[in-house]
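Line by line, the protein sequences are chains A and B. Quick note on the working numbering: the first sequence kicks off at 1 and runs consecutively. Quick note on the working numbering: the second sequence kicks off at 1 and runs consecutively.
Quick caveat, the hints were computed from the structure, so don't treat them as lab data. Treat the numbers as computed from the prediction; the structure is a model and nothing was measured. Don't take each hint at face value.
As the list claims (entries may be wrong) - Straight-line alpha carbon distances no greater than 27 Å define the calculated DSSO-like cross-link-like pairs of lysine-lysine that follow: (1) K225/B x K191/A; (2) K255/B x K191/A; (3) K133/B x K164/A.
To be verified - Examples of chain A residues toward chain B, derived with CB under 7 Å: (4) L127; (5) D181; (6) V193; (7) P199.
Claimed, not checked - Okay, the calculated beta carbon distance ranges per label pair: (8) F122/A x Q172/B: 58 to 64 Å; (9) F122/A x R67/B: 39 to 45 Å; (10) S184/A x Q172/B: 57 to 63 Å; (11) Q95/B x F144/A: 37 to 43 Å; (12) S184/A x R67/B: 43 to 49 Å; (13) L20/A x D166/B: 44 to 50 Å; (14) N187/A x D129/B: 20 to 26 Å; (15) N69/B x N187/A: 49 to 55 Å; (16) S184/A x P38/B: 48 to 54 Å; (17) P107/B x F122/A: 37 to 43 Å; (18) S184/A x H126/B: 44 to 50 Å; (19) K225/B x N187/A: 55 to 61 Å; (20) R105/B x M126/A: 53 to 59 Å; (21) D166/B x S184/A: 35 to 41 Å.
Positions of the beta carbon are idealized from the N, C-alpha and C atoms, including for glycine.
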Amino acid sequence: MTSDTPQREPFLLTLGRHALLLAFVAISLWPVLDVLAISLRPGNRLRTTEFELFPRDATLASYRALFTEQPFLRWLGNSLLVSTAVTVTGVALASISGYAFSRFKFVGRQTMMVSILTTQMFPATMLLLPLYLMIAKLGLVNTFVGLVLFYVATALPFCVWQMKGFYDTIPHSLEEAARIDGCSPWNAFTKVVLPLAAPGLVITALFSFMSAWSEYLIAAQVLQDRELFTLPLGLKSFQSSMSTQWGLYAAASLLVSIPVVILFMLLSRYLVSGLTLGSVKE
Amino acid sequence: MASVRLRNLNKIYPDGFHAVKDVNVDIADGEFVVLVGPSGCGKSTTLRMIAGLEEPSSGDLLIGDRRVNDLEPGERDIAMVFQNYALYPHMTVRQNMEFGLKMRRTPKAEITARVNEAAEMLSITHLLDRRPKEMSGGQRQRVALGRAIVRYPAAFLFDEPLSNLDAKLRVQMRTEIAGLHQRLRATMVYVTHDQVEAMTLGDRLVLMRDGVVQQIAPPLEVYHKPANRFVATFIGSPAMNLFEGAIHNGAFRLKDIASSPVPVGSELADGTAVLGVRPEDLVLGAPDHQNFVTGVVQVVELLGHEALLHVKIGSQLVVVRSAALNSAEPGATVALAVREGRVHVFAGDEVGRRLN
């Protein structure tokens, strides 16, 4: 909307609208800014009497301590490793099985689709025990492999459905044209279908990554070694029954969110659909 | 280039639907054959079996001297143009045209030469760096043609390639495809439900209905000697008029309506029959003429160069094509005569096989 639109809305309406939006912005930003303020305070002050964003005695001591006194870098590495493994495995499996569900007719297809969906209806906490027992039987407790297995198993159903839905929008004639052009079914999939499914892959990858990056509950069951902790576990370890190191906690929280923000900014341009526009006319 | 032969080809889907029934067609090297019929007649399925996109349930498929039943689509040396163009959206026009050659490991220099040659032939050289979504429907279909041409295939397959274009573009592309065939002298198999495309493009037509071939013949033969009632009414616009009646002593007489007998040939046996007369073969009779029947004009459609008269005879509406624009007014009673020797006689049963 530009100022030369013939009908301008009443000034009060504009004002009200902006006030409302600003209020929401404040509500979303306040906690983040609060955390920022806590992370900058020296010592372990959760609450102060002042309402300053940057305390007068602001210090980066908490951040420094994270990297020098605490195994923060190690947790960061663990989290990156686990999340990346979950993303790669999840996307690889979802992109293939989603394609199979979208394109091929096979015995049990419908049943499998529904049962995959059914697993999503149970809260994760309910699956915690059976999955833990399985991982324990496999001797994978306190290993990254066990955790990745756990994460992939819980994230995969959504990813498969997501990818299937995406493939459904890609016309079959494209693969047929590729087959006639000399592609094997696998080549037609990798050279024609997969590039067109890029936005779907990005969404799936983002979902897999995020689900592992910020997960606490499952990680707390599978991992016991402080050396193996992922970031959410590490964060929680600043909290003990007696006291909490709020400065470290706040600083680490902010740092944890940075990779996710960067990921979103990098991938946002792929999150545009309509890539298949113009290839075919139905 | 090569011949394409279909031998007792059948397609039965898992749900039991028999889509193509015992189809036998011999397509000569360089011939343009059009598979035509109403939707659901099995023409597309037949084409897709030739392409290798559907597996025949039984029968043999030969391209050249090779039996190709068990070959992958890419090994059959055919190219196909789809109704929805099926261009790869993530590739430029050049990449689209190169793709099939690259998959076959054609030398780079030859790929470039072939793409440039085809692009020139189709006047799409200026579009080579564009992506499909940046082009109009006509341009896209031209690119799809180009993608087929560069392959120098043994046979071109077209699956209703013009159906998605608007009327004007369709006529233009039709001429272009005809020109392409004259130039390349390639074997082409073309599927359409449009009888004008079928008539104008095909060296021969294969008319299909419910999976069964009804007639295989050059367009004019199909028009002038349709093999049965279905073919007679499917080809030709407006459709052929059909009259129910009976043959007695070599002459046809209408059922239930007073009419003069129409001679159909003494070799035809007596019995019920259907008489077919194309709109242009029904003429407004002069008073002294040996007229066939009389009727009342219901509607007159003026098309500029001719008029179509819808005439009610008994309870039936027939169409008369008249070169004279002012031959009759709605409501007028007219006498109709049949142009001599231009009648089609079909059996009175369900199939309606041609008798004369």
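Here's how the hints hold up against the structure:
no., hint, in the structure
1, K225/B x K191/A, "violated (50 Å)"
2, K255/B x K191/A, "violated (65 Å)"
3, K133/B x K164/A, "holds (24 Å)"
4, L127, "violated (37 Å)"
5, D181, "holds (4 Å)"
6, V193, "violated (10 Å)"
7, P199, "violated (12 Å)"
8, F122/A x Q172/B: 58 to 64 Å, "holds (60 Å)"
9, F122/A x R67/B: 39 to 45 Å, "violated (54 Å)"
10, S184/A x Q172/B: 57 to 63 Å, "violated (37 Å)"
11, Q95/B x F144/A: 37 to 43 Å, "holds (41 Å)"
12, S184/A x R67/B: 43 to 49 Å, "violated (21 Å)"
13, L20/A x D166/B: 44 to 50 Å, "holds (48 Å)"
14, N187/A x D129/B: 20 to 26 Å, "holds (25 Å)"
15, N69/B x N187/A: 49 to 55 Å, "violated (22 Å)"
16, S184/A x P38/B: 48 to 54 Å, "violated (35 Å)"
17, P107/B x F122/A: 37 to 43 Å, "violated (58 Å)"
18, S184/A x H126/B: 44 to 50 Å, "violated (34 Å)"
19, K225/B x N187/A: 55 to 61 Å, "violated (48 Å)"
20, R105/B x M126/A: 53 to 59 Å, "holds (54 Å)"
21, D166/B x S184/A: 35 to 41 Å, "holds (37 Å)"
The structure does not agree with the numbered hints 1, 2, 4, 6, 7, 9, 10, 12, 15, 16, 17, 18 and 19 stated previously, though it agrees with the rest.
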